[in-house]
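When you get a sec, could you build the whole thing from the sequences and use the hints?
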Amino acid sequence: MSKSLKRVKAALETAGLEIEIIETENARTAQDAAEAVGCEIDQIAKSIIFEGAETGEILLFLTAGGNRVDQTRATGLAGQALARADATKVREVTGFAIGGVSPVGHLTPVRAYLDPRLSEFETVWAAAGTPRHLFRITPADLVQATQAQTGFFTE
Numbered sequence: 001m002s003k004s005l006k007r008v009k010a011a012l013e014t015a016g017l018e019i020e021i022i023e024t025e026n027a028r029t030a031q032d033a034a035e036a037v038g039c040e041i042d043q044i045a046k047s048i049i050f051e052g053a054e055t056g057e058i059l060l061f062l063t064a065g066g067n068r069v070d071q072t073r074a075t076g077l078a079g080q081a082l083a084r085a086d087a088t089k090v091r092e093v094t095g096f097a098i099g100g101v102s103p104v105g106h107l108t109p110v111r112a113y114l115d116p117r118l119s120e121f122e123t124v125w126a127a128a129g130t131p132r133h134l135f136r137i138t139p140a141d142l143v144q145a146t147q148a149q150t151g152f153f154t155e
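Using my numbering, the letters of the sequence shown map in sequence onto residues 1 to 155.
Treat the hints with care, since some could be wrong.
As the list claims (entries may be wrong) - The calculated lysine to any residue pairs, modelled on SDA-like cross-linking and capped at a C-alpha distance of 20 Å, are:
| no. | residue 1 | residue 2 |
| --- | --- | --- |
| 1 | 6 | 24 |
| 2 | 3 | 32 |
| 3 | 6 | 20 |
| 4 | 89 | 58 |
| 5 | 3 | 15 |
Because the hints were derived from the structure by calculation, they are not lab data.
What follows is the structure, encoded as structure tokens:
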């Protein structure tokens, strides 16, 4: 088991969750992930990482698979100007490569926000630290594990 998978599993266990991590052929994109597990694209919780333009703070936006983060709305929620974090910064702070960023198990704690669309489902799927691994979780458990604030930040 990779270090990334171990961190995700440990973070889920620390949150009091017994969740199975599954391996797929390819879950790099929301569409790939939805096809791999047979769910709606919006049941995929994408982990989108932004960086505070002035502070350098890393923020996590958990977005329904078919939605896109509206940077203006995200800026309003975060209370600071935001820019998309580059791949190097994402890996440095989260420990994950883009395409496999998990909502939990980051190397450095991050402030998180949840797209309300995800709460419309009984369960959602999220990356487990690699572009091939996913886990299913209830939206309430996802909020609890990430301490995410819910807010409208999508287009």
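Hints and how they fare:
Only pairs whose Cα atoms come within 20 Å are accepted, and residue 6 paired with residue 24 is accepted, the gap being roughly 17 Å. A distance of roughly 23 Å separates the Cα atoms of residue 3 and residue 32; the hinted pair therefore is violated under the 20 Å criterion. Note on residue 6 and residue 20: the hinted pairing holds, with a Cα-Cα distance of about 12 Å set against a maximum of 20 Å. For a cut-off of 20 Å, the pair hint linking residue 89 to residue 58 stands: about 9 Å separates their Cα positions.
At roughly 18 Å between alpha-carbon atoms, residue 3 and residue 15 fall within 20 Å of each other, so this suggested pair holds.
In the structure shown, a violation is registered for the earlier hint numbered 2 alone.
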